[in-house]
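Novice: Letter by letter, the chains look like this.
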Amino acid sequence: MQFFIEVLVGGLLSGVMYALVALGFVLIYKASGVFNFAQGAMVFFAALTFVGFQEVLPGWLGMAADSSIVFWLAFLLAFLAMIVLGVATERIVLRPLVNQPHITLFMATIGLTYVIEGIAQMTWGATVRGLDLGIVDEPIAWLMDNYEIGISKFDLFAAGVAASLVALLALLFQYTKVGRALRAVADDHQAALSIGIPLQTIWRVVWAVAGFVALVAGMIWGARNGVQFALTFTALKALPVLILGGFTSVPGAIVGGLIIGASEKLAEVYVGPFVGGGIEGWFPYMLALAFLLVRPEGLFGEKHIDRV
Amino acid sequence: MKFKQTVLLGAAMAGLLASSAASAAEEQFIGLPSYRVGPYAAGGVGIFGGWIDYMQLINERDGGVNGVKLTWEECETEYNNARGVECYERLKKKGSTGNTVFQPVSTGITYSVLEKVAQDKIPMVTIGYGRTDAADGRVFPWVFPMITTYWSQASAIVNYMGQKEGGMDKLKGKKIGLLYHDSAYGKESHAIMDKLAAKHGFEVIKIAVAHPGNEQQSQWLQIRQAKPDYVVLWGWGVMNPTAIKAAAKTGYPREKLIGVWWSGAEEDTIPAGTAAKGFVAAGFNVAGASYPVVADIKKHVYGKDKGNMEDKSRIGSVYYNRGVVHGIITVEGIRKAQEKFGKGKSLTGEQMRWGLENLNLDDARLKALGATGFMPPLKITCADHEGPGKVKFQQWDGTQWKVITDWVDSDRPLVRGMIEESAAAYAKEKGIKPRDCSKES
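These protein sequence lines are chains U and Y, in that order. For the first sequence, the working numbering assigns the number 192 to the initial residue and increments by one for each residue that follows. For the second sequence, the working numbering assigns the number 29 to the initial residue and increments by one for each residue that follows.
Note that these hints are calculated values from the structure, not bench results. Keep in mind that this is a model prediction, so the values were computed, not measured. Take the hints with a grain of salt, since some may be wrong.
What the hints assert, rightly or not - Quick list of in silico lysine-lysine cross-link-like pairs, DSBU-like style, CA-CA up to 30 Å:
{"#": "1", "chain 1": "Y", "residue 1": "K332", "chain 2": "Y", "residue 2": "K97"}
{"#": "2", "chain 1": "U", "residue 1": "K344", "chain 2": "Y", "residue 2": "K305"}
{"#": "3", "chain 1": "U", "residue 1": "K344", "chain 2": "Y", "residue 2": "K149"}
{"#": "4", "chain 1": "Y", "residue 1": "K371", "chain 2": "Y", "residue 2": "K149"}
{"#": "5", "chain 1": "Y", "residue 1": "K284", "chain 2": "Y", "residue 2": "K192"}
{"#": "6", "chain 1": "Y", "residue 1": "K371", "chain 2": "Y", "residue 2": "K121"}
{"#": "7", "chain 1": "Y", "residue 1": "K327", "chain 2": "Y", "residue 2": "K284"}
{"#": "8", "chain 1": "Y", "residue 1": "K192", "chain 2": "Y", "residue 2": "K203"}
{"#": "9", "chain 1": "Y", "residue 1": "K121", "chain 2": "U", "residue 2": "K344"}
Claimed, not checked - Not everything, but these chain Y residues come out facing chain U in the computed CB check (under 8 Å):
{"#": "10", "residue": "M196"}
{"#": "11", "residue": "G229"}
{"#": "12", "residue": "V232"}
{"#": "13", "residue": "I235"}
{"#": "14", "residue": "P240"}
From the three backbone atoms N, C-alpha and C, an ideal C-beta is built for every residue, glycine too.
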């Protein structure tokens, strides 16, 4: 039983990591109806920019590499880079495509993916870097000693960060003027424009916020597996989460993440050995597909009804 | 007067053409299907950097191979099979005699051009990757999976475990976990590990990791439950640091986690941070910048600001040195072929194939190259395109790799038997009549 609990809890915590990436997708989809294929590349770009600045700042400022000033300055500069990226994306990619079919915008984000990946590696190089956030990825001793359950401190930290981000984003959407404008744009671009909501500004804001989420997700995934190109693959883990939770729901991303995380781990441990293992890669997609048949809009997604 | 001018002009043109033909004859072209961008760029930059630096060393220090200057051109594959084939086609006719040798540094591309190289008569060298049974040169005359193959490596890893336990008989009743990348590359380990398990009486617990392997919690919970005595990490890319970190998280001793050569580079340990301390990996080349061959590259290539590596701190890393090994084998193959077909002459692919098939890098030659201990002595024959099948084991001390063994042998009779069996099946399927090596010269 305790092994089952360990698998379940571990899966839930992994799911939170997936939800962190899924949040970025949700933000952009909510505001523009665009499925941003480049979100994984943004996670990679953000994390690489952060560690890149961490490497060069000590030389520029004459400070120790482990100084907290270097850390926060690198964070700030990486966030600024994400804002610049967001603004440039709006100006160069999205603005010329306003009122174009969603599939056109989606295709544009596919192109954007390759541009972002190229810029990231061209600017900072292809070297794999480590990232130390100062939180050790080891089990909590008390749980291990008393119940033989290994729950990682790092996973709990990631869960805390995800919960804080969700709370922050919920506050932003519900209680700020920008948030209300975001929701209006998400509902109907034309209607929002007609009442004077500046669509372009809203898009810039939302891409910048998605950039911030990508930075946080990139730092957490980077601290776990290293900052390397494979960070772009984190998007693959977020897709079934989005299908399950709904493309337009911030809480849905979290709940979807938890369901996907827990089910894929339980499936791998209890079903995997009977089918040769390695089912984690496709099981979440199968689950999402089955879910689509029952509830196409996801758990918390908005039901779309067309008058015909 | 006009006639005299025409004659002089004609003579000058003829001289120019003759001199350009002569200079072209003094060059040997090597096409490099590199990957410096994309998911595997981190490894590609090191491997191709080391390889180019070695060829540059030969040009700068020695004036080429017996006066024949080495030339090369990179073609970006991004580790993609289709692009690899495109690069093969683009490069094969470059240079005065075409591409001398094709080294794809990708198992996928190797399989994609396996039959093309035989048709085009361009030898293909696959060092530490590719098709294992191609080591049977009687069936695969154009393919050279040199130094060691995946099967030899698996066998050497088990021999290393036997050494650690105090004898191969001590492996009886042990459990060995095999954490493998769920791909053709990862599954290449299954047949040999099953054979070795049957021979030595240990149990193999195979645990698959889905690509890309950036999440391994469930696999390591299974490992914790099974409590294996050793775990072989047959990984690639992000799967490696993730496995090392997960091992630390589950309390699995890193010195019992044995990586293959695609799991044992700085790119695998540095991202894992302190968790990687104690991790052991096999390698057909070792890390380190103190070897004379690397020191010479620093002196003659970087000293003249002609080095290929932007990040000079990577000189001497595992991947960089692997690139130097690729360079050594390329150059020594050319040198050997020139002994037969004429020193100072550029070679065709067919002539290069002979050079590779008669390559003998013994201790004396490795010493002359400044590569003693850097790579194992290597002797290729008509039947055996693999060579020694040996690896060294290195351990990560938290900041760098330390060599902890001498060259460890594989179970040659067992591995060679499997290779011949598999190659014979391939020959039968394709209707190939194996060469009679006693008739080769």
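Novice: A separate judgement is required for each hint: does it hold in the structure or not?
Specialist: The hints, checked one at a time:
1. Y:K332 to Y:K97: Between K332 (chain Y) and K97 (chain Y) the Cα gap is close to 17 Å, so the pair holds against 30 Å.
2. U:K344 to Y:K305: holds (20 Å)
3. U:K344 to Y:K149: violated (58 Å)
4. Y:K371 to Y:K149: Satisfied, since the Cα-Cα distance of roughly 21 Å is no more than 30 Å.
5. Y:K284 to Y:K192: holds (10 Å)
6. Y:K371 to Y:K121: Holds. K371 (chain Y) to K121 (chain Y) sits at ~22 Å (cutoff 30 Å).
7. Y:K327 to Y:K284: violated (39 Å)
8. Y:K192 to Y:K203: holds (14 Å)
9. Y:K121 to U:K344: violated (57 Å)
10. M196: With a closest approach of 28 Å, the M196 (chain Y) hint is violated.
11. G229: violated (23 Å)
12. V232: violated (13 Å)
13. I235: holds (6 Å)
14. P240: Interface hint status for P240 (chain Y): holds (5 Å vs cutoff 8 Å).
Taken one by one, the earlier hints fail for this structure at numbers 3, 7, 9, 10, 11, 12, listed in ascending order.
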